[in-house]
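A.B. asks: Protein chains in written order, with the working numbering: chain A, 3 to 104; chain B, 398 to 652; chain C, 67 to 623; chain D, 169 to 532.
FYI, nobody ran anything at the bench for these hints, they're computed from the structure.
Keep in mind that the hints are not guaranteed to be accurate.
[As the list claims (entries may be wrong)] Simulated crosslink set (BS3-like; lysine-lysine; CA at most 27 Å straight-line):
| # | chain 1 | residue 1 | chain 2 | residue 2 |
| --- | --- | --- | --- | --- |
| 1 | D | 293 | D | 233 |
| 2 | D | 431 | D | 293 |
| 3 | C | 612 | D | 233 |
| 4 | C | 495 | C | 564 |
| 5 | C | 495 | D | 293 |
| 6 | C | 416 | D | 385 |
| 7 | B | 539 | B | 563 |
[As the list claims (entries may be wrong)] Chain B residues, not near chain C, derived (Cβ > 10 Å throughout):
| # | residue |
| --- | --- |
| 8 | 421 |
| 9 | 424 |
| 10 | 439 |
| 11 | 444 |
| 12 | 451 |
| 13 | 457 |
| 14 | 458 |
| 15 | 467 |
| 16 | 478 |
| 17 | 544 |
| 18 | 561 |
| 19 | 563 |
| 20 | 587 |
| 21 | 639 |
[To be verified] Covered by chain B, according to a simulated footprint, are these stretches of chain C (three or more residues, beta-carbon under 8 Å):
| # | stretch |
| --- | --- |
| 22 | 343-357 |
| 23 | 501-509 |
The model shown is predicted, which means the values in this text are computed figures rather than measured ones.
Positions of the beta carbon are idealized from the N, C-alpha and C atoms, including for glycine.
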Amino acid sequence: MSGSNEHAHHIVSPRVYVVILIALLIGTALTVWASFIDLGPWNPVIALAIATTKAMLVVLFFMHVWYSTKLTKLAIGAGIFMFLTLISLTLADYISRAWGNW
Amino acid sequence: MPDSTTITPSAPNAANSAHSEHPPYLRHHFESAEQQADAAGFAMWLFLVTEIMFFGGLFTAYLIYRNWYYPAFVAGSHQLNVFWGTLNTVVLISSSFTMAMGVWCAETRRKSGLVLCLILTFVLGLCFLGIKAIEYSEKIEKHHVPSFHYSLQSFTNPASDPEIFKEYHDKPLAPDMARHTEVYFSLYFLMTGMHALHMIIGIGILGFMIFRARAGAYTAGHVTFVENFGLYWHFVDVIWIYLFALLYLISRHGT
Amino acid sequence: MSDTIVSLPDQSTARIPKLNYLTKENGILSWLLTGDHKRIAILYLISITFFFFIGGALAGLIRLELLTPQADLMATDTYNKVFTMHGVIMIFFFLVPSVPATLGNFLIPMMIGAKDLALPRINLLSWYLYMAGGILAIYTMASGGVDTGWTFTTPLSTHYVNTNVLTTGLAVFVAGFSSIFTGLNFIVTIHKMRAPGMTWFRLPLFVWAHYAASILMVLATPVVAIAIVLVALERTLGIGVFDPTKGGDPLLFQHLFWFYSHPAVYIMILPGMGVISETISTFSRKRVFGYTAVAFSSVAIAVFGFFVWAHHMFIMGISNYAVLVFSLLTMLVAVPSAIKIFNWTFTLYKGSITFETPMLYTFGFMGLFTIGGLTGVFLGASGTDIHLTETYFIVAHFHFVMVGGMLMAFLAGIHFWWPKMTGRMYPEKISQLAAVVTFIGFNLTFFPQFILGILGMPRRYASYPPEFQILNVFSTAGATILGVGYLLPVLYLTWSLKYGEIAGNNPWQATGLEWQTQSPPLTENFTEMPIMDHEAYDYEWLENQKRQKEEEVASAG
Amino acid sequence: MNQISPVFWEFLVKWLTNFALLPPEASKIAPQMDALLFFMVLVSLIGLTIVILLVTSFSILYSKKRHPVAVQVEGSTLLEATWTIIPLGLFLIMFVWGALIYFRVYTPPPNAMNIYVVGKQWMWKAEHPGGQHEINSLHIPIGQPIQLTLISQDVFHSFSIPAFRVKREAIPGRYTTVWFEATTPGTYHLFCTQYCGTNHSQMIGDVVVLTPEGYRKWLLESTSGMSLAQNGERLFASLSCAACHNARPDARGPSLANVYGAKLPLASGGTVTADDAYLRESILNPSQHVTQGYVPIMPTYQGQISEEGVIALVEYIKNLNSDYRIEQTLNTTDLPPGSEGSQRRPAAATGQAGQKPAAQGMVK
């Protein structure tokens, strides 16, 4: 049983949803706009940063994680951590393969 | 973790029913409605974590091959229509919003509001798939579907594809690199296809939910199903946010 | 009776309780639509035993074929199909679900004082998925088999075989989701359904081990699912993600595959370790030595288990730097297993040890798992891996861990909780005999394979140079004995269902909550919500309980 | 015994006479590998003995008969630390030792003689630099480091010589290498250890280790008349490589003389050492490896040359010390391709007729 009192049934007010919707639409506009400017290597960085911000907004507010228990946050954290492990350790092999033998 | 058996009302109006003997939806092996809702919500989150890993394999493949065949991925990405992609993002974000509103309606027992929100979500979901279908048909016309008469023409000779050429002025790819655009499109179809499959499943469940919601099933205090479906729907949205960035946006200025 | 702790009720008056989970409802539908975790566990037990014997029969065929150096019993082609199906069935349809889906399903809710798993319908769904996968696997065999090896190595599986890769892939995919749902259910249950007073550090180690294994199931299985989807699409639609001629990298498949399949070996062994913690404590009447260390080593195995997958690919052309990193991490993951072995050993210290059947299997487990684990280090060190990998050394190593470890633990667990599941005891002498026969047969089968491996005999060979014959003959002879060792329990356990002695609530005088209720238990497990007011493995608490009861009886009389 | 069961007797005799725990040590690395192996076996035996001794003695000392009441012991941090740190230390020693051997096996010395090995379902084809080629066998001299450059034409294979304690995967689409130096003449097993389809267990052969004289003799006897480089030269001509790679001032491709082993600046920035893998990649995926000053106009030869053909070309380029030979090839490119059709080795020989069958094997 999750003990904390700030439990899963916090009802988020529609005002928050509207604010988040607007923020997401602005984010979309922003990332599309940024993609039309040539920033060299920064293009992917900015696109992914904006995408992550948007994803965070969705997860935290639409999906109520902001209001939910530590356990839920931990589960999500574990998922993201394993996902990053999969990517980083696999990529580590591919990138270091190009360095040749020693 | 302290074990509290105190019951906190799950909704303003539900206070009485939660404290009374047993709400009808409480399954026999739970002690309280709150425990049941907690368990179901946590289970849904764990399922979404498995979904992260499921898409994780595809993201890994995408990153590796983008690293290997950068010019091919840039040229492939230029074939995607940013307008449709942006529109689809807006559609999906809006559907996420209507879904979130639907959850709110269910929690506050607004039946007609819930039905309206679900129908809106349903329609927006269909819009998304419709737009995706338009995009897919463009690819089919240009023979950019891997291993189905795949054509390299747009990449070895970009000028033959005036619409794209006008915008990007791509240099022709060497034939060996042009072949690797097939890897890009394989991953494009895999990732968006897998995403679309999740959308189709979601829309199917939504249809079922609209019927149940009209019968008032979700506005009597037991909102777990709506909430969990909402989580699923938002998760699909999050995946799309990343697909949009990775497939459409990050390679626009690559060379 | 000084050398045993078994205390059975007076057989002349004892009865199996009339109302229990087995008798509550009748008819086949009451089983097929049940939400009761105990009934689902029984369904799993039956189906898993069925698949085990199919896999075992295939193993028998393999050993028979290898009796002679030539491929004379069957064509190489058939042999390839046989070992592929042996691997697929044993791994995905026996080892992965074995302890969790049967014992875990049955016991976790009881051990934590819950009425059921958190998601009973998902639990039933996961059994149906398992059966669907199993039937697909059998269909594959019936319709010509598949010969990719259970690892589905690309590009062999995508372009170079024309057998039923798709149905096998689907079978594994579906079984994978069955395992995801089981793991998910366990995690939710352990978090949300614990009885009052059941804190994390009062949980039996069996629950800790299952918790760790469940994390692996939930996080790793989806990756193999997507890898198999990619193989299927590559076969049917010809996308080029793993195809070197189209620019794909066949090694990427192995990365994704082993990202699951290495943690999968921990999915298989961790629940077995949980069983051992229970039995060794019960039969030495002692709290497990270093409870916290054992609990955390389970979690450590689960976490580190994720970072070592590429040690299956040391010679396959991954970068040398990656070899270094993965080799180092592999050495780290070996440590928690060593910790466990020593903690179990020291649990015996100053105990009061008896040697019932589950304890014999436990000793078997400890010996064989130690060998299996240490030989794993041979393969984790990158240098010796070059010589030993892809030979019978590998085969011997993972059979020592999986069969010597997991299967021994499974049998220990089945014998340990059989009285709880059925309410009856099995015949002790013959079951002890079976344990000894299994141990001897196992060693004779698989120990020679270590030597074969060092001598260089490659795995998956239908024929081999004649100088390897003698060791192969030993191995086949051992397999025969092993087969007898596995058949015996099926016979006497079935016999005991009707003729076994009535076991009573707690024949082993064990401390777990599951032993404090009737056997077989009620559908709701407990008559009232249990309240946990003592540590796990608290034998003094058990003594006090007994004394209290006796006093009550005395004062009443 | 002989009277009781002759079969069993025979079996015992056979076992005792053939019993071996290790394959022969026939390479320089073998004793080093075995030393580590012995160390590991020793550590394992000690560990196992400790566990078995403890379990048995506790079982005897604390059996219920002798010790009816258990004494509850919580645990001991000191002991926990002991059996965490000691195994960890031992495992780390094994890691370092193992890694050292791993480096040695996969880092060939510069003076190694290179032999190409192509794996295909279900045979090994070895190509010696002198043009000698053999199937499912490998002849090598003692006292000479040998480097194998492996590639597979279809699925994963694995080239394993237990007597040398070396093994390396042959991968489709990429060269891998392994090296060894044989020490004892004799015939040893060669296995494919990676499961590769129906006849996996028949993908075996012999490694014949000869004395240097024996090897020289064998080379002479098995010569096909043309060296690998010569085969490559013909292919070079018939594919018209010299149309661009001709070292003329207006050449569209870089000169290939002395290119092998050189550090080349890349058009995309950075440098690369032109080794076998680089040469192969440049033939099959040229645009990813363009050197500075050139444009990616070279067509890909993926699917057009068999792996043997690529090997011949690589070997030719490796041995190319001056542009003179290329000048010569330029003048002979218009030779009718059929004129070499009667060569023993159709795959690596020039001309469309010779190319077709091998090329078909590449394209699925």
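A.B. asks: Work down the list of hints and note, for each, if the structure agrees.
C.D. replies: Verification of the supplied hints:
no. : hint            : verdict
1   : D:293 <-> D:233 : violated, 68 Å
2   : D:431 <-> D:293 : violated, 31 Å
3   : C:612 <-> D:233 : holds, 22 Å
4   : C:495 <-> C:564 : holds, 18 Å
5   : C:495 <-> D:293 : violated, 60 Å
6   : C:416 <-> D:385 : violated, 73 Å
7   : B:539 <-> B:563 : holds, 17 Å
8   : 421             : holds, 17 Å
9   : 424             : violated, 8 Å
10  : 439             : violated, 5 Å
11  : 444             : violated, 6 Å
12  : 451             : violated, 4 Å
13  : 457             : violated, 7 Å
14  : 458             : violated, 6 Å
15  : 467             : holds, 12 Å
16  : 478             : holds, 22 Å
17  : 544             : violated, 4 Å
18  : 561             : holds, 22 Å
19  : 563             : holds, 28 Å
20  : 587             : violated, 7 Å
21  : 639             : holds, 16 Å
22  : 343-357         : violated (count 0)
23  : 501-509         : violated (count 0)
The structure fails hints 1, 2, 5, 6, 9, 10, 11, 12, 13, 14, 17, 20, 22, 23 (numbered hints given earlier, in ascending order).
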